[in-house]
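J.: On the provided structure of chain G, position chain S as indicated by the hints.
Residue numbers (this note's numbering), protein chains in the order written: chain G, 1 to 483; chain S, 1 to 341.
Calculated from the structure, these hints are not laboratory results. C-beta: ideal position from N, C-alpha, C; glycine also. Possibly wrong hints are sitting among the right ones.
As the list claims (entries may be wrong) - Calculated pairs, SDA-like style, for lysine to any residue (alpha carbon to alpha carbon, straight line, at most 20 Å):
1. S/LYS308 - S/LEU273
2. S/LYS219 - S/ASP262
3. S/LYS308 - S/SER341
4. S/LYS308 - G/ALA207
5. S/LYS219 - S/VAL255
6. G/LYS272 - G/LYS410
7. G/LYS272 - G/GLN262
8. G/LYS410 - G/GLU464
9. G/LYS193 - G/ALA167
10. S/LYS308 - G/GLN228
11. S/LYS339 - S/ARG323
12. G/LYS119 - S/SER141
13. G/LYS272 - G/HIS372
14. S/LYS308 - G/TRP220
15. S/LYS308 - G/PHE219
To be verified - For the chain S half of the interface with chain G, some residues (derived, Cβ under 8 Å), not all of them:
16. PHE17
17. HIS27
18. GLY75
19. ASP78
20. TRP82
21. TRP165
22. GLY242
23. ARG283
24. ARG296
25. ARG299
26. GLU301
27. GLY305
28. ARG331
Residue strings, one per chain:
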Amino acid sequence: MTLTQQPQLGAARIALANAETIRAAHLLRRAGFTPTRAEIDRAVGRGYEATVDELLHPEDRPDLEIEDLIRRYHVDQNSLMLLESSQGYWMYRIINSQRPLEEKMALFWHGLFATAYGKLNHAKAVVNQTHTFRRHGLGKFADILVELSRDPAMIFWLDNKDNHRDAPNENYGRELLELFSMGIGNYTEADVKAAARAFTGWTIDNAEYMSIRASRDSFWPYGRIDWQFRYREDDHDDTEKTFLGHTGPLSGQDVIDIIVQQPATAHYIAGKLYNFFVSDRPDEEAIGIMADEFTRTGGDIRAVMRRMFLSDFFADEAVRLGRVKSPAELVGGTARLAGSHQSPEWTISNLAMDVNFMGQEILNPPTVEGWHTGMEWIDTGNLVERINAAGAEMRDTARPGVRAIIDRVKTRGDRLEPRQLAEACLDAMGMFEVSDGTMDSLVALAAPWGEIRFDRADSIGCAEERVVEMLQLIVASREYQLA
Amino acid sequence: MTTTMTATFTYSHTVGFLAYRGRGFIHPVDLTLGGNGVMYVLNRGGAESVTRLDLKRVCVCTADEGYIGEWGTGGTEDGQFWWPSAIVRTGDGSLYVADEALQRIIVFSPEGEFIRHWGEVGDAPGQINRPADIAVAPDGSLLISDGMNHRIQRFTVDGEYLGGWGGYGAQAGQFNTPWRLACDADGNVFVADWRNDRVQAFTPDGRFVGQWGVSGDGKGQLNRPSSVAVDDEGYIYVSDWGNERVQIFAPDGEVAAILLGDATTSSWADDYLAANPDEQRARREADLAPAVNPWRDHRRETSAGVEKFFWGPSAINLDAQGRIYVVDSCRHRVQIYRKNS
Chain G
1 MTLTQQPQLG
11 AARIALANAE
21 TIRAAHLLRR
31 AGFTPTRAEI
41 DRAVGRGYEA
51 TVDELLHPED
61 RPDLEIEDLI
71 RRYHVDQNSL
81 MLLESSQGYW
91 MYRIINSQRP
101 LEEKMALFWH
111 GLFATAYGKL
121 NHAKAVVNQT
131 HTFRRHGLGK
141 FADILVELSR
151 DPAMIFWLDN
161 KDNHRDAPNE
171 NYGRELLELF
181 SMGIGNYTEA
191 DVKAAARAFT
201 GWTIDNAEYM
211 SIRASRDSFW
221 PYGRIDWQFR
231 YREDDHDDTE
241 KTFLGHTGPL
251 SGQDVIDIIV
261 QQPATAHYIA
271 GKLYNFFVSD
281 RPDEEAIGIM
291 ADEFTRTGGD
301 IRAVMRRMFL
311 SDFFADEAVR
321 LGRVKSPAEL
331 VGGTARLAGS
341 HQSPEWTISN
351 LAMDVNFMGQ
361 EILNPPTVEG
371 WHTGMEWIDT
381 GNLVERINAA
391 GAEMRDTARP
401 GVRAIIDRVK
411 TRGDRLEPRQ
421 LAEACLDAMG
431 MFEVSDGTMD
441 SLVALAAPWG
451 EIRFDRADSI
461 GCAEERVVEM
471 LQLIVASREY
481 QLA
Chain S
1 MTTTMTATFT
11 YSHTVGFLAY
21 RGRGFIHPVD
31 LTLGGNGVMY
41 VLNRGGAESV
51 TRLDLKRVCV
61 CTADEGYIGE
71 WGTGGTEDGQ
81 FWWPSAIVRT
91 GDGSLYVADE
101 ALQRIIVFSP
111 EGEFIRHWGE
121 VGDAPGQINR
131 PADIAVAPDG
141 SLLISDGMNH
151 RIQRFTVDGE
161 YLGGWGGYGA
171 QAGQFNTPWR
181 LACDADGNVF
191 VADWRNDRVQ
201 AFTPDGRFVG
211 QWGVSGDGKG
221 QLNRPSSVAV
231 DDEGYIYVSD
241 WGNERVQIFA
251 PDGEVAAILL
261 GDATTSSWAD
271 DYLAANPDEQ
281 RARREADLAP
291 AVNPWRDHRR
301 ETSAGVEKFF
311 WGPSAINLDA
321 QGRIYVVDSC
331 RHRVQIYRKN
341 S
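Same shape as in the complex, but just chain G (with noise of 0.2 Å):
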């Protein structure tokens, strides 16, 4: 069964912070995930501004730290050979990114995208094309789409390299129209015809063999080989194309230029970002809005984002803690909230496969249409999963993260009452609103543990326990499963 109520925290919700920090961590969640009470606290230092222009500018902080790392003790990681290795990798990543912003768009980018490991039996490849979306995500629409269009995994997964002058294939000009720029209804079947002429001649190299590999899923003698682009002039149709009106010898390049230019591609591309970063449920003012700034920009993310950021809609208090997580921000953000994985453990497996357990295989999206999102995340078998997963994350209290959370909890007083040890918990974890039900719940859980006392040696061991099984409470409300 499927949830369809879209949820909502109400009007009856309890804040516990005030509205300059409550706005910080609703940045923080959205654009990243699941920030701890110290991210919390720097983003509230800096100013909401400053926070989102640094959030906007990844490149300024260091990549991956920790990279070398995870090649060296998960070898199937340096090789990204197989498809549950790539996944932990991109989990590892999430967790550890110190580019929060960076990591989101890829997987927005990814679900838009949506490229599978299914039909290409090359894991690597679609990591690869993770990379551009980290590297161009915040850039130039249409320079995503060139590199979109170049990518290998992009023009294996829709068939590009069989895209010939003589004999053209229409599966990327048709997609590129409808699914990744446009939106049906905006192009005609001719656009359609003419695009992909534009596109003959973008392959890779060894095609054929390539090709023979993936079809049969062989990784013989060596593994797999790394796809490469290549541009064959002599299989181009650079003969006159009219595409949306232009009339010309056009060129791939020439066709992503016409569609960054169109008002629809503006419109669409707006209203998948409000989609992900906002709310599900579409708000038609706020994406013209959006989509001016794409128009008025010539189609700068960076730009639309900023202004997405800082707008007014995006503070709503109905849209915050109103999305559902996917599984990847739920299982990678409660990791980064617990401190786990921040070195290499083999038990990356077992998160990523949490995060297919949950309906979200990464790396590997069901159709070229990605995954349905919303309160499709969550029907009532992958809800137990979605509980357990994060309350086992939350279950040591070695862990740095958690570790921080009590030690911050303690913070508070050496005797807690029930009210008090859950506000306090929540406070540490960075969650300044829930309903009263949520509250009254938590409260009913300390209730028979009465004062927990933090001020006798005989009782620490005790309180510590306490505080992870209100944090395992926590991790299972509906505010910590929103976002």
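T.: Quick look at chain S alone, frame taken from chain G:
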């Protein structure tokens, strides 16, 4: 072929083939040599899902591509592997396998039968944290590269602690996540000081003697060296893991050769291709060394795109015939070179 004043190093052939079990390797990380060209190749496998645990095993074969058999499997029971990192053969033919996840040294008979294991996780003297490599000293003791404790420790073959040196840091005699190590005939110890991008040499009692390499990808520079070997003429062989190459330093410290990998297909691979003629034909018509122009991590991405190059060279071993064995972990094979003095 690369030539120096005193020695040349030529590619000989490749042993191996990607195989989850039986005749071939899957993410091999180390090997040790027995008599008559026998190779014990340690396969780490991965990922650590239940269905892939039996990828972890030791493949026994010969340098001239004879397949002898295999033993071992993944798991946490006695004699099983989880993150097997190193294998070494002692004078009596016993085989010692280090495991970085189970935090122990596992002892096998020459036939691969489990005998015992030892090791205790921790950072106190004699405890270990992610044992990365084992080397046999001339006196028969075992030297262990204690990766996450950033030190070298010496044990008897029964696991009795004899001493050690090092600690975290970048000064002479300190380490940052050391990987493999080797002893020369006099018992001097050479350590691939992985995250310090250098190789350090020590006397048998741990006194610092010298070092090779600084961070970089130029000639003589190192990027996360994984392994070191030394021959009886004083040549130092370093698998320059992060640069996807092998560098050979002459006794005077100069770079004598840089090897990028020259792999050809093994006879095992040829058998596969012969059984799949359409794949074989397409492969013959393909350009297996295409132009590669990656925008990130140039060395690694080039190796990922050009099959003959080393990709993740994780161990380097020498034999008495002047052969150099490079374990090519992401390509599931061993590339063998020959030194011509």
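J.: Against each hint, give a clear statement of whether it holds in the structure.
T.: Evaluation of the provided hints:
Annotation: proposed proximity of S/LYS308 to S/LEU273 holds, straight-line Cα distance about 16 Å (limit 20 Å). A threshold of 20 Å between alpha carbons decides the hint, and for S/LYS219 with S/ASP262 the separation of about 19 Å falls inside it, so the pair holds. Note on S/LYS308 and S/SER341: the hinted pairing is violated, with a Cα-Cα distance of about 25 Å set against a maximum of 20 Å. Using a Cα cut-off of 20 Å, the hinted pair S/LYS308 and G/ALA207 holds, with the two alpha carbons roughly 19 Å apart.
In summary, the hint linking S/LYS219 to S/VAL255 is supported, as the alpha carbons are separated by about 7 Å, within the 20 Å threshold. Proposed proximity of G/LYS272 and G/LYS410 is contradicted: the alpha carbons are some 43 Å apart, above 20 Å. The suggested pairing of G/LYS272 with G/GLN262 holds, with an alpha-carbon distance near 16 Å, which does not exceed 20 Å. Restraint check for G/LYS410 and G/GLU464: the C-alpha separation of about 9 Å stays at or below 20 Å, so the hint holds.
Our distance criterion of 20 Å between C-alpha atoms is met by G/LYS193 and G/ALA167, whose separation comes to about 11 Å. Restraint check for S/LYS308 and G/GLN228: satisfied, since their Cα atoms lie roughly 16 Å apart, inside the 20 Å limit. For the hint linking S/LYS339 to S/ARG323, the alpha-carbon distance of about 6 Å falls within 20 Å, and the restraint holds. Between G/LYS119 and S/SER141 the alpha-carbon distance is near 52 Å, which puts this suggested pair outside the 20 Å criterion.
Proposed proximity of G/LYS272 and G/HIS372 is supported: the alpha carbons are some 12 Å apart, at most 20 Å. As the CA atoms of S/LYS308 and G/TRP220 are separated by approximately 13 Å, the hinted pair is consistent with the 20 Å bound. At most 20 Å may separate the alpha-carbon atoms for a hinted pair to count; S/LYS308 and G/PHE219 meet this at roughly 15 Å. Restraint check, S/PHE17 versus chain G: the minimum CB separation of about 5 Å is within 8 Å; hint holds.
About 5 Å separates the beta-carbon of S/HIS27 from the nearest beta-carbon of chain G, less than 8 Å, and the hint is met. The interface hint given for S/GLY75 is violated, since its Cβ lies 13 Å from the closest Cβ of chain G, which is over the 8 Å cut-off. Hint on S/ASP78 is violated. Least Cβ distance to chain G is approximately 19 Å, over the 8 Å limit. Because the beta carbon of S/TRP82 sits about 7 Å from the nearest beta carbon in chain G, less than 8 Å, this interface hint is met.
Here the hint on S/TRP165 is broken, as its CB sits about 22 Å from the closest CB of chain G, past 8 Å. Because the closest C-beta pair between S/GLY242 and chain G is about 7 Å apart, less than 8 Å, the hint holds. The interface hint given for S/ARG283 holds, since its Cβ lies 6 Å from the closest Cβ of chain G, which is under the 8 Å cut-off. The beta carbon of S/ARG296 comes within 6 Å of a beta carbon in chain G, closer than 8 Å, and the hint placing it at the interface holds.
Hint on S/ARG299 is violated. Least Cβ distance to chain G is approximately 12 Å, over the 8 Å limit. Given hint, S/GLU301 at the interface with chain G, holds; its Cβ is 7 Å from that chain's nearest Cβ, closer than 8 Å. The criterion of a C-beta within 8 Å of any C-beta in chain G is met by S/GLY305, whose closest approach is roughly 4 Å, and the hint holds. Interface restraint check: S/ARG331 against chain G, minimum CB-CB distance 5 Å, threshold 8 Å, status holds.
The structure does not agree with the numbered hints 3, 6, 12, 18, 19, 21 and 25 stated previously, though it agrees with the rest.
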